[in-house]
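Chains as they are written, first to last, in my numbering: chain A, 83 to 381; chain B, 939 to 1245; chain C, 11 to 476.
It should be emphasised that the hints constitute simulated quantities derived from the structure, not laboratory data. You may find that some hints are simply not true.
[To be verified] The list that follows gives simulated cross-link-like pairs (lysine-lysine, DSS-like), each with its CA atoms no further than 25 Å apart:
| id | chain 1 | residue 1 | chain 2 | residue 2 |
| --- | --- | --- | --- | --- |
| 1 | B | Lys1052 | A | Lys296 |
| 2 | B | Lys1209 | C | Lys181 |
| 3 | C | Lys258 | C | Lys430 |
| 4 | C | Lys471 | C | Lys430 |
| 5 | B | Lys1209 | C | Lys430 |
| 6 | B | Lys997 | B | Lys1103 |
In this text the structure is predicted, and so the values were computed from the model without any measurement.
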Amino acid sequence: MATQTPTKPAAAEPEPAGTRTEPKPEGRVMNVFSHAFLWLWALMVIVPVVWIVLSSFKTTREIAADPLGLPAAPQWENYVNAWTNGNIGSYFINTLQVMVFSISGTMLLGAMAAYVLARYEFRGNRLIYFGFAGGMMFPVFLALFPLFKTLDNVSLLNTYPGLVLVYIAYSLPFTVFFLTAFFRTLPTGVAEAAMIDGAGHYRLFFQVMLPMAKPGLIAITIFNIIGQWNQFLLPLVLMSDPDDAVISQGLANLAMRQGYEGDPGALFAGTVLAMVPIFVAYLIFQRQIQAGLTAGAIK
Amino acid sequence: MKHGKYPFILSFLALPVGLYAWLVIVPFAQAFQISLTDWSGSSNQFDYIGLENYVNLFKDDRLVLPALRNTGIILVVLPVVTIGLSLFFAFMLNIGGRSRQGRIEGVRGSRFHKVVFFFPQVLSLAIIGILWKQVYAPENFGGLITGGLEAVGLPSPVNGFLADKRLVLVSVIAVLVWSAVGFYLVFFSSAMAAIPRELYEAGIVDGAGRFQTFFKITLPLLWESVQTAWIYLSIIALDVFVLVYMMTPGQGGPDGASEVVGGVIWKYAFKHGEQAFASALGVVLFFAALSLAVVSLRVGRRERIEY
Amino acid sequence: MRKPSTTPNFSRRRLLGTTAAGVAATSLAACATSGSDEDTEQVSVGDDAENPFGVDGSLPLDVVIFDGGFGDEYAVQHQEMYQSAFPDAQVEHLATQAIAETQQPRFAQGEPCDVLDNSGAQQIPMDALVSDGELAELTPLLDAPSYDDPGVTVRETLRDGVLDAGTFNGKVYALNYVFSAWTIWYDAALFADKGWTPPATWDEMLALCPAIQAEGIAPWTYAGQHPVYLYDMFLMLAGRHGGVDVLKAIDHLEADAWRHDSVVAAAEAMYGLWEAGYILDGTPGIDHIQSQTAFNNHEAAFIPVGSWLPNEQKGIAPEGFEYAPMGVPYLEGSVQPGLISAGGEEPFVVPEKAANKPGAYEYLRIMLSKQGSQIFGDTVQAATIVKGVELDNLAAQLTDELVSNPEDLFQPRFRFWYTKMDEEVRPALGGLMAGEITPDEFIERMQTVADETAADDGVEKFTHGE
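The shape of chain A in the complex, shown without the other chains (with noise of 0.2 Å):
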């Protein structure tokens, strides 16, 4: 895919003359594919995603016989059905729901754990961390039988404090392991200086390193919500009642009808509804995000 000759760019702007240093020849052509290419690899983007939002319009009969075909007329009940059939709307309140507990649940537990790991130092510390980031290495399906046990075990199986508690779980190691980073980036001096003043370690973290560590924090939270947005597997098996199924479960149950006597427009149409509230977090927080990440590498 990568290595296709590159077409000639559909929207090459010409060079504006004058505000650029002259490249060297070599320079040139590398300028001419570098720019190609990734025209080329942003097409390889929107096309597809074009056509799923096509595709969304289209009737059953015009997605099975012609594909790549425009629609005749916009199918806007595809996004009804997707609603309604799909259940998109309930999903969405079901999602939001579990969301809003999981994803500050793991923010909170993870900047603790993340804090006292990167800055202090005690016995058990380096065990703890790799703890953690060993967890991201888990093949999550391997838990299932386990896991379904152990929350039955409590009653919290088809529960959403349940689910809440799974999707921290099986966050904390991301979230440790990057936070873990981002915090040892951060200054000493102000640490210090707020001790001296007299600022107890609670009040430090709070009031001091929270609020510095906000891009860290900002960027790992859409991090985690893309993650748990898309998560599928667990509420599948921990949430078996479709009443409480989240967004993933909805469009996944969408995408396997299609085997049977599926309803194609709708499962469109439930996509692009499922990844516009997504990428609009992206959109607005676009610069967090990376400023957040500049300090997640190993350190």
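Chain A is fixed; fit chains B and C onto it per the hints.
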């Protein structure tokens, strides 16, 4: 200063560590225990059979061995290609645009590109699977790539990309790269933003071309980010499953050509009713991932360049 | 609609589980001991024809329906029937496609649902459930008086041979509720229009192919990504040629069963379709939806699918299209040319540890009543295994004619008995039809996996029984 340190540490760690141990560590410890039994997964009876599952793993040349081989390939190709591409894009979009009135910035339209490239991240994997299945379809069934190749007179696989044993794995990896590049672009962009501009300007004054700028200045300073990305991508590579499940014929075909370890675990756990065997494979996968992370952290350790 | 997670002796298990929660070993042990005999109750058939299983109307009934091609509307109506018989019972209804992911943990926990429609791509493997003793025998149901006529048992209301699919070593563990046949489909309107006669023999079919191609139509297509659609076509071709015993030998994992001349001939015939270029371009790369769409669009003349095809296509069938079924054209010298793969599909099971087993049997008895069957037939336009339910659907009537002789009905079983064989036959058939492996390689490959399965002591063996 020491006052109250340990109570504080304890109070901050108790909840996260406790929750994590309860819902993550213990279930996985149980998975390890299950791997020593002959449990089918649909009953509550089982016997302990020692390491038999582990021995049999490496005799299974229908699913496990091809899956190990394919996962190995993904493990090498995915990080290399993704990191290469995202570094290239990040460089182009942040630094590659030559200095304009003495300022270093990305090429024109870089904000647009950054938004667009990230887009696959907001699509769920199930949707990406459906999408690319259509892109890869045979020419007379509306396949985008086969159709495109045909239109310019190039040969294309008559049955589409996913039904061809030689192409299916590459096709899956391409989708993984496609969806991952956006994240690492942003990731590397943020790291590049932290590099002082003066370094580049000095380089340009010295007459460094874009090639040199990249390899002499940018890459060395990004080494830690590359390392982090490498570990993440390795983890993703070991975890590849949903795409194979959604896209390929027979969820790992044709004829096992795209079997991956994650998919084989799922097959044994849910389709064959051999949960214990699946768990054994999962345990192997876990230790492979762990040692990989440790090795890449040790080997990749370099002098940090302070700036 | 939430499932109340209580079963009679659940509290004991919970107690054990909780105390052991921190210690993996102990809690797994608790799980192991929880499946004691007191969990299961034996249901006997009483004298009361109204309530032969002695259902306690106050107990809830937990039903899980596979939400696939048939949807779940029919099940909702069945549940209404149950509800009106037992107004106090709380009926839990779950419709899902992810049967294994949602239900397997409940089996493992010893708290399964009461009635499970174990179907679809994510069904729990039947061989594992049966071998583990997780399913209740359905004998009490079959021996009970039927819903409509106390003088007739439930068993007597069923079509011939439909219990075979759910029978494992002589014991019935699954009620395959839907009667379906695997056939070859063609558009009768197109054939009439072109003056083509639907071919009865393989040679007639081959002779017709050039004429079909001359119209710009490919003779064959199939669901290349799901070669299981070829399974019955291939086996019926072999079985028609050599008789049903050839197929039984395969199911029984007999030595050299795959090397039988008829099986080889069938493999060569299938391969010949590829060699002659009679398969629509791109077919190995498409799924069932795409292949059926191509068939609808007259891109191909023949397609192997089950009898649910017209129902599946009812929303998108082109104007004037007449779905017509036929048996696979038989080879020269076939000894049983009428053989057809037909019988029950869509297995409904009752877990051995179901909390409300009498209720589950009663629910199945309701499903098998005249009214229950009619509900199913009307909602999804497919036949149930109950005798004498009329469907006002031409394709269904045509299928009925094909399956009129009970002697000729046979469902090959090895795919369902041995998951490993299933995993092998799919890619092997796909490869054969795509020209990737030769008939010889195909035969050897299947013989090898059959021999391996036969030699594996860890695999429980099943037989046809007669």
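Going through the hints against the structure:
1. B/Lys1052 x A/Lys296: holds, 22 Å
2. B/Lys1209 x C/Lys181: Holds, at about 23 Å.
3. C/Lys258 x C/Lys430: Holds, at about 18 Å.
4. C/Lys471 x C/Lys430: holds, 13 Å
5. B/Lys1209 x C/Lys430: With a Cα-Cα distance of about 10 Å, the restraint between B/Lys1209 and C/Lys430 holds, given a limit of 25 Å.
6. B/Lys997 x B/Lys1103: holds, 23 Å
Violated hints are absent here; each numbered hint is respected by the structure.
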